[in-house]
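**Q** These protein sequences, in sequence, are chains B and G. Start counting the first sequence at 34; every next residue gets the next number (my numbering). Start counting the second sequence at 2; every next residue gets the next number (my numbering).
In case anyone wonders, no lab produced these hints; they're calculated from the structure. As the structure is a prediction and not an experimental result, all values here were calculated from the model. Fair warning: there could be bad hints in the mix.
Taking lysine-lysine and the DSSO-like style, the derived pairs with C-alpha atoms no more than 30 Å apart in a straight line are [claimed, not checked]:
1) B/100 with G/8
2) B/130 with G/8
3) B/35 with B/130
If you want a taste of the chain G side facing chain B, the calculated C-beta under 8 Å gives, among others [stated by the list, open to error]:
4) 11
5) 72
6) 76
7) 81
8) 87
9) 89
10) 109
11) 116
All C-beta atoms in this analysis are idealised placements derived from N, C-alpha and C, irrespective of residue type, glycine included.
One-letter residues, chain by chain:
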Amino acid sequence: MKWMLVALCVSSTVVGDVFRSLGMRHHGEIHDFRPGAIGGALSAIARNWMVIVSTCAMAVSFFSFMKLVSIAPMSFAVPVSAITFIPETFLARYLLKESVDWRRWTGIGLILVGVIFISQ
Amino acid sequence: MTDVRRKTQLFAVLSVLSNVAGNSALTHGMQGLGEIGNSPLDLVAALFHPWVALGVTMLIVWTFAHMALLSWADLSYVMPVTAIGYVVTAFAGKFFLGEAVSPMRWAGIVLITVGVFLVGGTDPASAKKESHE
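Chain B on its own, in the form it takes in the complex (with noise of 0.2 Å):
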């Protein structure tokens, strides 16, 4: 079950995560802050259908990993569910095409390690 709840949470946030980043990347960059234009702007995400896959993958996401934290230990949720980094930077690089240089690849191992020398 705990395992399960694990690969559902983490595939969920790569999911959501990616979609976003695809859905907003189709939207184009957000710059106007005035609140008519954020309006426009949001009513025009909502029915983005890439924002949609990935709102509906976060709901999963926070869900699975409500249940996980209440059947495990949070020094075990935290840490296993920073797992995500490794796919998304993948993805990152060969499906969303961004560069991801040595010091991204450095950077994110070293957060890796911090997040569960953190959660003990």
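Guided by the hints, dock chain G onto chain B, whose structure is given.
**A** What follows is chain G alone, placed relative to chain B:
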């Protein structure tokens, strides 16, 4: 400092603070409510608890700040840079809740901070530039 970098830093700070405040308020509220039932109506009723409502509001702010960030910045930049939230949470626990910070947790704080600075020094919007080339 370029406009994109300044805007990215501003929204990263907003994203981290709203996420930490939202999760803290939500946890505080849910603990105050005690055990709640499995019915969806029980969950909806919990939303009217002031701390839970504040937590949900802050998480809505986080969602919009995160979406705005991803409209111009790389996922491989946003994801690690906003991990500084782990450090903010640890300091909030120490200063507001009096939680002890063990040497291992201090080591974690240092590693995350160095990692965030390393990624923070890269170009926030590499994919956008490449797609325009």
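**Q** Are the hints correct? Go through all of them and say.
**A** Cross-check of the supplied hints:
no., hint, verdict
1, B/100 with G/8, "violated, 36 Å"
2, B/130 with G/8, "holds, 22 Å"
3, B/35 with B/130, "violated, 34 Å"
4, 11, "violated, 10 Å"
5, 72, "holds, 4 Å"
6, 76, "holds, 4 Å"
7, 81, "holds, 5 Å"
8, 87, "holds, 6 Å"
9, 89, "violated, 11 Å"
10, 109, "holds, 3 Å"
11, 116, "holds, 3 Å"
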